[in-house]
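K.L.:
With these hints in hand, go ahead and build the complete structure from the sequences.
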Amino acid sequence: MTRRAALYLRVSTARQAEKDLSIPDQRRQLEAYCRNKGWEIVRDFVEPGASATDDKRPAFQEMIEAACSPERPFDLILVHSFSRFFRDAFQLEFYIRRLMKCGVAVVSITQETGDDPMSDLIRRIVALFDEYQSKENAKHTLRAMRENARQGFWNGARPPYGYRTVEAEKRGDKIKKRLEIDPGEAAIVRMIFNLCLKGDGSGPMGVKAIADYLNRKAIAYREGRRFSTGLVHRILTRDTYTGTHHFNRTACKAKEDKPETEWVAFSVPTIINQETLAAVQIWLDGRNPKKTPPRIVNGPTLLTGLAHCSICGGGMTLRTGKNGRYRYYTCSTCARQGKAACPGQSVPMELLDQLVVDQLGQHVLSPERLKPLLEQVMVKVANDGGQHALRIDELRKELRECELGLGRLYQAIEQGIAFLDGQLKERISRLKARKDELIRLTAMAERRKADPARLLVPARLEKFATVMQDRLHNGPLAFRKAYLRLFLARVEVDRPSGLVRLLGPKRALQEGVTNLEAIAGDEVPSFVREWRPLGDSNPCYRRERAVYGVQGRSRKSTNRLETLISPC
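In terms of our numbering, the sequence shown opens at residue 1 and continues consecutively.
The reader is advised that the hints may include incorrect statements.
[Unchecked claim] Here are the simulated DSSO-like pairs of lysine-lysine, each with C-alpha atoms no more than 30 Å apart in a straight line:
#: 1; residue 1: Lys258; residue 2: Lys397
#: 2; residue 1: Lys139; residue 2: Lys258
#: 3; residue 1: Lys101; residue 2: Lys37
#: 4; residue 1: Lys397; residue 2: Lys425
#: 5; residue 1: Lys176; residue 2: Lys139
#: 6; residue 1: Lys56; residue 2: Lys135
#: 7; residue 1: Lys198; residue 2: Lys208
#: 8; residue 1: Lys176; residue 2: Lys258
#: 9; residue 1: Lys139; residue 2: Lys56
#: 10; residue 1: Lys139; residue 2: Lys174
[Unchecked claim] Computed beta-carbon distance windows for the label pairs:
#: 11; residue 1: Arg440; residue 2: His233; range: 17 to 25 Å
#: 12; residue 1: His233; residue 2: Gly184; range: 15 to 23 Å
#: 13; residue 1: Asp285; residue 2: Ala412; range: 25 to 33 Å
#: 14; residue 1: Glu65; residue 2: Gly184; range: 39 to 47 Å
#: 15; residue 1: Arg434; residue 2: Lys322; range: 47 to 55 Å
#: 16; residue 1: Leu128; residue 2: Ala59; range: 23 to 31 Å
#: 17; residue 1: Arg222; residue 2: Leu284; range: 19 to 27 Å
#: 18; residue 1: Glu167; residue 2: Lys56; range: 29 to 37 Å
#: 19; residue 1: Cys102; residue 2: Leu424; range: 40 to 48 Å
#: 20; residue 1: Gly416; residue 2: Met145; range: 19 to 27 Å
#: 21; residue 1: Ala433; residue 2: Leu121; range: 47 to 55 Å
#: 22; residue 1: Glu414; residue 2: Glu437; range: 22 to 30 Å
#: 23; residue 1: Ala340; residue 2: Asp285; range: 35 to 43 Å
In case anyone wonders, no lab produced these hints; they're calculated from the structure.
For each residue, glycine too, the CB sits at the ideal point set by N, CA and C.
P.N.:
As structure tokens, this is what we get:
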């Protein structure tokens, strides 16, 4: 009975397939071998540009599925060499044994073996050498690519969005390429960053909103593809745009970042400055669902996350009546657990929103009130000048120690003293996170140490008050929420006594006046509040953080809110 054979032909790269030499030669030799053996070729499977180090190959999987099917359309799989089938000794044996159970043999025409145990041993030795050779080739290829990157050349693959490749020079028959800005794509990149920080007039936009905006405007990605949240997020987090690209940053198979010691940095044209990228990262981090619930930053209610019930301390959330005709802030504890947990209280949303904005604007964000509040902060800053200097020195010392620690770990890995296992990866991640935090804290401390007198200039206070009044009363909802969450830590509603209490830190006022230029330029506040969670987790809250307060009184008989100012 004539044996039926399937041919498997493979080259590692698409470039080899384009040259159209290796696959035709493999086919010619395999067909000649079948003629000599009298075997019938029933199918062929061609893999034009796929690595044999794993089984993620479409034609390969199709062949295995056919071989293991009940019909079993062929008895043999013919390859030029076992390296065409696999360059991983373990996986080679795994698939050979799987095929044997289905009655299909794998035959190499250049490495013929028999069916005895010695032949199995020889095949495994050959497979180990193939795997070793593959890893050696990869090592030397990567070494050459790293050096190419050090010299500032692009190593192939598709350039990041916003760039294109251009021929830089020719060395022998090799054409060296560099990255240059693609004007059309770069304009879209800048638009995306601008939409994230400023929006289209309705306030800063999130990743999904940006993708929707671009698609509605018929602004397409490459090949006419529509923008997705993943594409937008990759653009907003790509540090290449600031002028430095890192080659060899990610392990191809594991899809994880390699240690920084293995990265190769080289300069590329700048599309976005460092400050813009940093501001976007702060904005994205603040919208991270793991840290801030999406309803707080995206919801339609102004005081979500700020308004709390004074009776139980629970948050006050939106409730509607008469098919949405009436809208209230209601104690969420009572709504979820009943009156046994909290008697509950409700306040008309429009009235509470207006009271909070009016009181904050009139009695905190006014030039007359700002100056004495900031003077108290400035006096404390001046009195603590020595402590600030000491704090900066301590932060810088800890930062140096952190950098030295990272350097020692990288050196130990390079010299083979330590191996990059899971525990070491975790330690490196912790040190890197601490380093970033120390850099942020040092910059903040240095800014506070700077001469504070310029903040008390009447013209500056007047401009800050005017801008903030306008933002709070007339700005888009996203802007209003951002500023309220910056200046307020908590809005306590006590309907039984008719009081609404606003709490927030003076330090935020200082930060706001310091960053007046950014605020006046319609940017979302990107500096960070420094208070910790309230309640039992921070028993010093009232002593340290509640440094200004406003109270409003509610008259239950008319369901109106009246204001009453009293010290906190």
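K.L.:
Each hint should be assessed against the structure and marked as holding or not.
P.N.:
Hint-by-hint comparison with the structure:
1. Lys258 <-> Lys397: Holds - the C-alpha atoms of Lys397 and Lys258 are around 27 Å apart, at most 30 Å.
2. Lys139 <-> Lys258: holds (15 Å)
3. Lys101 <-> Lys37: holds (24 Å)
4. Lys397 <-> Lys425: Holds, at roughly 24 Å.
5. Lys176 <-> Lys139: holds (21 Å)
6. Lys56 <-> Lys135: holds (18 Å)
7. Lys198 <-> Lys208: holds (15 Å)
8. Lys176 <-> Lys258: Roughly 26 Å separates the two Cα atoms, so the pair holds.
9. Lys139 <-> Lys56: holds (21 Å)
10. Lys139 <-> Lys174: It holds: about 20 Å lies between the C-alpha atoms, which stays within 30 Å.
11. Arg440 <-> His233: 17 to 25 Å: holds (22 Å)
12. His233 <-> Gly184: 15 to 23 Å: Holds - the Cβ-Cβ distance for His233 and Gly184, about 21 Å, lies within 15 to 23 Å.
13. Asp285 <-> Ala412: 25 to 33 Å: holds (31 Å)
14. Glu65 <-> Gly184: 39 to 47 Å: Given about 43 Å between the Cβ atoms, the range holds.
15. Arg434 <-> Lys322: 47 to 55 Å: Because 53 Å falls inside the window, the suggested range holds.
16. Leu128 <-> Ala59: 23 to 31 Å: holds (25 Å)
17. Arg222 <-> Leu284: 19 to 27 Å: 23 Å Cβ-Cβ, so the 19 to 27 Å window holds.
18. Glu167 <-> Lys56: 29 to 37 Å: holds (33 Å)
19. Cys102 <-> Leu424: 40 to 48 Å: Given a distance of about 43 Å, which is inside 40 to 48 Å, the answer is holds.
20. Gly416 <-> Met145: 19 to 27 Å: holds (22 Å)
21. Ala433 <-> Leu121: 47 to 55 Å: At 50 Å between Cβs, range holds.
22. Glu414 <-> Glu437: 22 to 30 Å: holds (26 Å)
23. Ala340 <-> Asp285: 35 to 43 Å: holds (39 Å)
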